[in-house]
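Position 225, counted from 1, in the sequence shown is what numbering that gives the first Met the number 0 calls 224; the numbers after and before it change by one each time, with no gaps.
It should be emphasised that the hints constitute simulated quantities derived from the structure, not laboratory data.
Keep in mind that a hint or two might mislead.
Result set (DSS-like, lysine-lysine): computed pairs, CA atoms no more than 25 Å apart in a straight line [what the hints assert, rightly or not]:
{"id": "1", "residue 1": "173", "residue 2": "202"}
{"id": "2", "residue 1": "63", "residue 2": "105"}
{"id": "3", "residue 1": "143", "residue 2": "177"}
{"id": "4", "residue 1": "68", "residue 2": "3"}
{"id": "5", "residue 1": "68", "residue 2": "16"}
{"id": "6", "residue 1": "180", "residue 2": "198"}
{"id": "7", "residue 1": "173", "residue 2": "259"}
{"id": "8", "residue 1": "16", "residue 2": "47"}
{"id": "9", "residue 1": "3", "residue 2": "143"}
{"id": "10", "residue 1": "259", "residue 2": "202"}
{"id": "11", "residue 1": "63", "residue 2": "3"}
{"id": "12", "residue 1": "47", "residue 2": "63"}
{"id": "13", "residue 1": "3", "residue 2": "16"}
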Amino acid sequence: MLLKEKVKESLDYILAKLPFQPQVAVMLGSGLGTFAECMRESVSIPVKDIPHYPCSTVPGHAGKWIVGKIGSVPVLCIQGRVHYYEGYSLEQVTYPVHLIAGLGIKTFIVTNAAGGLNPDFLPGDFMLITDHINMGLNNPLIGKPENQLGPRFPDLSHAYDSGLIELAGQTAQKFGMKVHKGVFCWVTGPSYETAAEVKMLQKIGGDAVSMSTVPEVIVAKQRRLRVLGISLITNLATGLSKTKLTHQEVTNAAAGAMQKFEQLITNIITQLDLKPL
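Use the sequences and the hints to build the structure in full.
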């Protein structure tokens, strides 16, 4: 079955469940899923019920779409991210982005928990993604032309929207939050990086590293979405910290930063200019 046929079946199911048309989509990273609870008038859609939708096998990803309102803005929160390391294809990993675009949503906020490569970054800081490096050495757009839902060769020179980055930076500053701008590196995982790999990523210009986000952003730009990427620095990368890395450490750090994260994302969304692009 072609991708467009799968997407149509999924959208037919989702549209029957939506209470209203969302204007913004937020993809929630590891440990950040509880953000969706701050929305009002919300409706939950288990992703296991959506035709063709891949289900996460990772703690911290509840497997739900939650549609509600933040202020007066209708928002879709995705608690069902899947990763390449779970054994899914990149078409499956990025499938939710095609659904977002199919719903007519134009603004996509993608978040993640990341390891800090930049020595100026500390756990609990935020990084606004200005660009990325694809160290996964794979691309979700690989495939036959008839299975594409947008241009086969999309331009990624401005993958992350400068206007949204500016808005997010001003919002963080207003609330006294420690926020940086930097380059995000995608690695496949699931093992954490070695100290030598961390040194390499630093030398090629990386500021933070994680196991998600880049595939979704590539497809988001293919589908002409306006993207804001935000990393929560949950730990120092291998070789920069004296402690061993665990997934529990990442989710614990994310939980500790939830209040700041909710404040930041909520205030960004309520300030968005949602006029047609």
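So, going through the hints one by one against the coordinates:
1. 173 with 202: 32 Å, violated
2. 63 with 105: 20 Å, holds
3. 143 with 177: 44 Å, violated
4. 68 with 3: The hint is violated at about 29 Å.
5. 68 with 16: The hint holds at about 15 Å.
6. 180 with 198: 19 Å, holds
7. 173 with 259: Between residue 173 and residue 259 the Cα gap is close to 12 Å, so the pair holds against 25 Å.
8. 16 with 47: 14 Å, holds
9. 3 with 143: 13 Å, holds
10. 259 with 202: 31 Å, violated
11. 63 with 3: 22 Å, holds
12. 47 with 63: Judged against 25 Å, a Cα distance of about 8 Å means the pair holds.
13. 3 with 16: Judged against 25 Å, a Cα distance of about 20 Å means the pair holds.
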